[in-house]
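> Please put together the full structure from these sequences, using the hints given.
Now for the letters of each chain:
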Amino acid sequence: DQQVKQNSPSLSVQEGRISILNCDYTNSMFDYFLWYKKYPAEGPTFLISISSIKDKNEDGRFTVFLNKSAKHLSLHIVPSQPGDSAVYFCAASAGGTGANSKLTFGKGITLSVRP
Amino acid sequence: GAGVSQSPSNKVTEKGKDVELRCDPISGHTALYWYRQRLGQGLEFLIYFQGNSAPDKSGLPSDRFSAERTGESVSTLTIQRTQQEDSAVYLCASSFLPGTEAFFGQGTRLTVV
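Chains as they are written, first to last, in my numbering: chain A, 1 to 115; chain B, 1001 to 1113.
Hints listed in this document are in silico derivations from the structure and should not be mistaken for laboratory results.
Each hint should be verified, as a subset may be incorrect.
[What the hints assert, rightly or not] Derived DEER-like restraints, expressed as beta-carbon distance ranges:
1. Gln1080(B) with Gln14(A): 37 to 43 Å
2. Gln2(A) with Arg1109(B): 44 to 50 Å
3. Arg114(A) with Val1012(B): 32 to 38 Å
4. Gln1041(B) with Thr45(A): 14 to 20 Å
5. Arg1022(B) with Lys5(A): 31 to 37 Å
We treat Cβ as the ideally placed atom computed from N, Cα and C, and that holds for glycine.
And the structure:
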């Protein structure tokens, strides 16, 4: 049962344009959401996060939007750069210390930014 | 170093042999995860340690897989009687608090021949 879904396996955008990466979740207990970036042969690196008490969090070129009613979040990268080409994973967790507190990841989306 | 350290970085083993993978988390991090990524696949959750709580082993694919963690320090993932389908990159991550930003190691690439 996939609780975090990234339904598009890949995305290709032109350098300088906006990249929009989508993520959906099913577990209503999730209240913290994260995006990770992964280059080949490296471990994932944390990019940006958002708590369920907010609907937007911005960090430089990266903005994450959260729509709790739709159980949907998205990562916007603008402007996109060739160095952003990587696999992006969406992750979610719930509060407390139970099983839901672990980070649950989506399958990832491969972003390619064309020069 | 200050990051999560995994060893070995690469491991080639014969089918049927046992392997042990090691993870040194960031000091003071209470939560520790093991994931694996098979070729062309996403991150597959294996096991989650959180402080003194019983580990969440719900992701372990079979009883050939086990993991231990000593207090809030080193963890080892053991795979007994390895099979070719165990070939993957095994990733360890740790976080200061449960459910918050986890920091990943570089992974151990396991190849079973």
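> What are the numbers of the hints the structure violates, in ascending order?
Hints 1 and 2 are the ones this structure does not satisfy, whereas the remaining hints hold.
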